[in-house]
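**Student:** Chains as they are written, first to last, in the numbering used here: chain A, 1 to 75; chain B, 1 to 275.
Just so you know, these hints were derived from the structure itself, not from any lab.
Don't take every hint at face value.
[Said to hold, decoys possible] Computed list of lysine-lysine pairs in BS3-like fashion (alpha-carbon distance at most 30 angstroms, straight line):
#, chain 1, residue 1, chain 2, residue 2
1, B, Lys-69, B, Lys-113
2, B, Lys-252, A, Lys-2
3, A, Lys-2, B, Lys-125
4, A, Lys-2, A, Lys-60
5, B, Lys-69, A, Lys-50
6, B, Lys-69, B, Lys-156
7, A, Lys-24, B, Lys-136
[To be verified] Chain B stretches covered by chain A per the calculated footprint, using a threshold of three residues with CB under 8 angstroms from any CB of chain A:
#, region
8, 9-16
9, 140-152
[Stated by the list, open to error] On the chain B side, residues computed to face chain A include the following (Cβ under 8 angstroms):
#, residue
10, Val-27
11, Gly-39
12, Ile-173
13, Leu-179
14, Cys-183
15, Pro-196
16, Ala-198
17, Glu-212
18, Gly-218
19, Gly-221
20, Pro-227
21, Ile-234
22, Arg-237
Quick caveat, the model's predicted, so the values are computed rather than measured.
Even glycine gets a Cβ: it sits at the ideal position worked out from N, Cα and C.
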Amino acid sequence: MKPEDYSRREIEVAGWAIAIETYKLGDVYHCTIYNTDPGARFARADGPTKAEAERIALEKATRYLQQTRRFPTSS
Amino acid sequence: MSEVLVSTDWVAQHVHDGNIRVVEVDVDTTAYDQGHVPGAAGWNWTTELCDTVVRDIVPKQKLEGLLGKSGIDNSTTIILYGDNNNWFAAWAFWQLKIYGHQDVRIMNGGRKKWIAESRDLSTEKPTFPAKTYTAKAPDNSLRAFLPEVQKAVSTKSHALVDVRSPQEFTGEILAPPGLPETCQRGGHIPGAKSIPWAKACNEDGTFKSVDELKSLYGAQGITAEKPVIAYCRIGERSSHTWFVLKHLLGFKDVQNYDGSWTEWGNLVGAAVEKP
């Protein structure tokens, strides 16, 4: 099988830049979400459509990102 | 191209060659099951490439078993690739070099490039005729342990490279956005230079040219003349930088501090520099 309908785009969620990567393999769309810096995958979901896979993955991503705390950077 | 890198084209042509084994190693341990290079084995870094009791790299005997059941013997050419621009492929590469495997290479661009090029993926898990593998005693010169890092900080004997994101380096965040916090304090090891791992990569996931890499690290004073210790949060991103410095740039003395920030940032009384 070949991956089809590959896409990658960047958006901001909860103040963090993320990349959404989606492709279709067989009948299933696979969506993976990365933080753009450092580029680590932290949420993913599968679905019958691209929209559904991305919706579920984004829900998870938003929940995780809202838990990321920022700290003062002075000593 | 360096002899430790192969292209996606090369892999497509050689994946079924007799003495070559392609292996996928991902951050996302479910990615392999979603589809992988046809004929590739899949290794799980959380269970197969570490000691699951003590925090440590994979024990020698366990690695021998993993390689043997993957149809790999000491003469096999191992081609590693994975997600996140080969983070854990580099982690596996580093461990295979610690245990003395001769011919191991990385597929330039990793899983990202393979998929972006719409190359074949398979969900079938191949089985391989078992082989016998005999690992060498671990070469710990490739690895930095806490006492060595502490000594390096106090004597300034090594260049320290922090390959995490700038926000992790400054202590603004304790872990990459969206991931669990795994340390008590933010910041960096005193004296470390911030050179995020991703700066070594192009947009398509491939490594930058040797000249670009020399400029990147040289601009921060990281050269072959001084021993280098690279670290990140848990040691996988820094194995990526270790690979770049040691195998693409040919630095003689490069160590990966796999204890990294999850060790240093949790130590009582350890000096921390911010920002």
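**Student:** Next step is simple, just say for each hint if it's right about the structure.
**Tutor:** Results of checking the hints against the structure:
no., hint, in the structure
1, B:Lys-69 <-> B:Lys-113, "holds, 28 angstroms"
2, B:Lys-252 <-> A:Lys-2, "violated, 41 angstroms"
3, A:Lys-2 <-> B:Lys-125, "holds, 16 angstroms"
4, A:Lys-2 <-> A:Lys-60, "holds, 27 angstroms"
5, B:Lys-69 <-> A:Lys-50, "violated, 37 angstroms"
6, B:Lys-69 <-> B:Lys-156, "violated, 44 angstroms"
7, A:Lys-24 <-> B:Lys-136, "violated, 42 angstroms"
8, 9-16, "violated (count 0)"
9, 140-152, "violated (count 0)"
10, Val-27, "holds, 5 angstroms"
11, Gly-39, "violated, 14 angstroms"
12, Ile-173, "holds, 6 angstroms"
13, Leu-179, "holds, 5 angstroms"
14, Cys-183, "violated, 11 angstroms"
15, Pro-196, "holds, 6 angstroms"
16, Ala-198, "holds, 5 angstroms"
17, Glu-212, "violated, 18 angstroms"
18, Gly-218, "violated, 22 angstroms"
19, Gly-221, "violated, 22 angstroms"
20, Pro-227, "violated, 25 angstroms"
21, Ile-234, "violated, 11 angstroms"
22, Arg-237, "holds, 7 angstroms"
Checked against the numbered hints given earlier, this structure breaks hints 2, 5, 6, 7, 8, 9, 11, 14, 17, 18, 19, 20, 21; the rest are met.
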